[in-house]
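Enquirer: Let's have the full structure, built from the sequences with the hints guiding it.
Residue numbers (the UniProt record's numbering), protein chains in the order written: chain A, 1 to 210; chain B, 1 to 210.
Among the hints, a few may not be true.
If several chains are the same, the list does not tell them apart, and a pair holds so long as it fits within one copy or across any two.
As the list claims (entries may be wrong) - Derived pair list, reagent style DSS-like, types lysine-lysine, alpha-carbon separation capped at 27 Å:
{"id": "1", "residue 1": "Lys-158", "residue 2": "Lys-10"}
{"id": "2", "residue 1": "Lys-115", "residue 2": "Lys-10"}
{"id": "3", "residue 1": "Lys-158", "residue 2": "Lys-140"}
{"id": "4", "residue 1": "Lys-140", "residue 2": "Lys-10"}
{"id": "5", "residue 1": "Lys-115", "residue 2": "Lys-140"}
The hints are simulated quantities; they were obtained by calculation from the structure and are not laboratory data.
Fair warning: this is a prediction, and the values are worked out from it, not measured in the lab.
There are 2 protein chains.
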Amino acid sequence: MSERTRLTRKPERGNDDPGVLHRLLDEARVAHVGFVRRGCPVVLPMAFGRDGNRLFLHGSTGAGAFLDSRQGLEVSVAVTHLDGLVFARSAFDSSMNYRSAVIFGHAMPVPAEDKQDALRAVTEHLMPGRWEEVRPPTPKELAATTVLVLALDEVSVKVRAAGPGEDPDDGEDRSVWAGVVPIHTAFGAPERSPLTDPTLPLPRSVTALL
Amino acid sequence: MSERTRLTRKPERGNDDPGVLHRLLDEARVAHVGFVRRGCPVVLPMAFGRDGNRLFLHGSTGAGAFLDSRQGLEVSVAVTHLDGLVFARSAFDSSMNYRSAVIFGHAMPVPAEDKQDALRAVTEHLMPGRWEEVRPPTPKELAATTVLVLALDEVSVKVRAAGPGEDPDDGEDRSVWAGVVPIHTAFGAPERSPLTDPTLPLPRSVTALL
Numbered sequence: 001m002s003e004r005t006r007l008t009r010k011p012e013r014g015n016d017d018p019g020v021l022h023r024l025l026d027e028a029r030v031a032h033v034g035f036v037r038r039g040c041p042v043v044l045p046m047a048f049g050r051d052g053n054r055l056f057l058h059g060s061t062g063a064g065a066f067l068d069s070r071q072g073l074e075v076s077v078a079v080t081h082l083d084g085l086v087f088a089r090s091a092f093d094s095s096m097n098y099r100s101a102v103i104f105g106h107a108m109p110v111p112a113e114d115k116q117d118a119l120r121a122v123t124e125h126l127m128p129g130r131w132e133e134v135r136p137p138t139p140k141e142l143a144a145t146t147v148l149v150l151a152l153d154e155v156s157v158k159v160r161a162a163g164p165g166e167d168p169d170d171g172e173d174r175s176v177w178a179g180v181v182p183i184h185t186a187f188g189a190p191e192r193s194p195l196t197d198p199t200l201p202l203p204r205s206v207t208a209l210l
Numbered sequence: 001m002s003e004r005t006r007l008t009r010k011p012e013r014g015n016d017d018p019g020v021l022h023r024l025l026d027e028a029r030v031a032h033v034g035f036v037r038r039g040c041p042v043v044l045p046m047a048f049g050r051d052g053n054r055l056f057l058h059g060s061t062g063a064g065a066f067l068d069s070r071q072g073l074e075v076s077v078a079v080t081h082l083d084g085l086v087f088a089r090s091a092f093d094s095s096m097n098y099r100s101a102v103i104f105g106h107a108m109p110v111p112a113e114d115k116q117d118a119l120r121a122v123t124e125h126l127m128p129g130r131w132e133e134v135r136p137p138t139p140k141e142l143a144a145t146t147v148l149v150l151a152l153d154e155v156s157v158k159v160r161a162a163g164p165g166e167d168p169d170d171g172e173d174r175s176v177w178a179g180v181v182p183i184h185t186a187f188g189a190p191e192r193s194p195l196t197d198p199t200l201p202l203p204r205s206v207t208a209l210l
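Expert: Now the structure itself:
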């Protein structure tokens with residue numbers, strides 16, 4: 001644990017289990033990547049993937065010089081799940097159940113020879129099984145893509161997974177319902193593209209989501 | 001439009017409609033707030049609310065000196081919806097449908113006399129209707145809470161809402177299904193707290209979600 005991953009707020013919500021971190025990352029689809037540009041903070045949503053202790057961040061070489069830096073880029077990456085709304089009997093105790101990881105580190109461009117593997121990790125993270133169903137990147141497509149890699153060495157994980165804080169003698173109005181409404185991600189009916197034959201079955205990568 | 005909200009990557013996805021921005025913010029529950037601490041980027045998930053052109057960010061006075069700054073804090077705030085997975089016939093064209101707002105500005109602490117209104121905006125944003133059902137904050141609770149306010153003046157909105165890019169003559173394998181799988185947020189069955197009488201009806205703030 002480093003100075004910046006030490007939790008000053010509600011340290012009891014901290015979690016050092018790598019399994020919790022990995023599952024949290026693997027179940028998420030968007031990472032929010034923060035960096036400093038000309039002294040000012042910038043946060044951008046990015047696709048990502050994971051291979052063991054490495055996080056891959058996917059951008060485009062067109063997405064600004066910051067991604068092209070051969071020296072790498074100091075980043076903070078946040079990945080958050082909102083798991084529930086916590087209805088307490090006071091505004092102050094109203095809360096959210098969540099799992100969040102905040103990662104600090106130096107992101108480096110993935111070298112050309114490793115880019116295909118990194119893109120496979122990102123694609124398989126977003127749409128498991130899809131890589132084998134589709135055409136892999138051409139050399140030109142690979143050249144047009146930037147992937148950054150970041151070690152999962154300096155990470156702060158916080159989890160709240162509980163009902164509302166309530167004290168039997170806190171004087172709140174007990175005639176008010178209190179509890180949790182869980183939140184989850186759901187997938188809708190697949191919408192085929194105009195160039196997809198209507199008789200084509202859904203691929204495994206899609207049926208696995210439904 | 002400022003230099004830092006000008007889109008260098010896929011400018012056709014930019015959207016200047018304030019209605020799109022407001023709806024995107026009002027439908028989201030978590031904002032990712034980036035700032036610079038000792039020269040390094042930090043990104044944290046935060047609850048938020050909106051009142052017209054003002055965004056309120058909710059933290060705790062315990063969450064670090066950065067939130068207590070009377071001089072305010074330079075921030076970048078990203079709010080993102082992932083609306084769908086886009087299954088193309090190549091890894092390169094695989095994509096996501098999304099709506100994202102990236103806001104830049106100077107966040108200031110809400111003065112004591114306006115804090116209750118700001119907290120109401122955050123609570124009503126997260127759980128519409130809940131404020132009137134529960135006990136409002138006490139003076140002590142208000143003092144223990146920091147809310148930051150940020151003007152929605154410098155904002156970049158990007159939207160992708162389309163099927164996979166596909167060209168009738170691109171040579172991809174047409175026997176592969178292509179299309180979009182929509183993603184949305186769903187609420188599970190409410191779980192009452194131990195101190196909630198089982199005969200109590202669900203409040204309107206909860207039934208409105210289901």
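Enquirer: Taking 27 Å as the upper bound on the Cα-Cα distance, should Lys-158 and Lys-140 be classified as within, between, both, or neither?
Expert: Classified as between; 26 Å across copies, 41 Å inside a copy.
Enquirer: Could you figure out if Lys-115 and Lys-10 sit no more than 27 Å apart (CA to CA) within one copy, between two copies, both or neither?
Expert: Only across copies: Lys-115 and Lys-10 sit 22 Å apart there, 39 Å inside one copy, limit 27 Å.
Enquirer: For Lys-158 vs Lys-10, is the C-alpha pair at or below 27 Å within one copy, between two copies, both, or neither?
Expert: within (9 Å within a copy, 35 Å between copies)
Enquirer: Go through the copies and call it for Lys-140 and Lys-10: within, between, both or neither, with a Cα cutoff of 27 Å.
Expert: Answer is between: at 18 Å across copies they meet the 27 Å cutoff, but 49 Å inside does not.
Enquirer: Evaluate Lys-115 and Lys-140 at a C-alpha cut-off of 27 Å and name the case that applies: within, between, both or neither.
Expert: Within. Shortest intra-copy distance 12 Å satisfies the 27 Å Cα cut-off; inter-copy 54 Å does not.
In terms of the numbered hints stated before, the structure departs from none.
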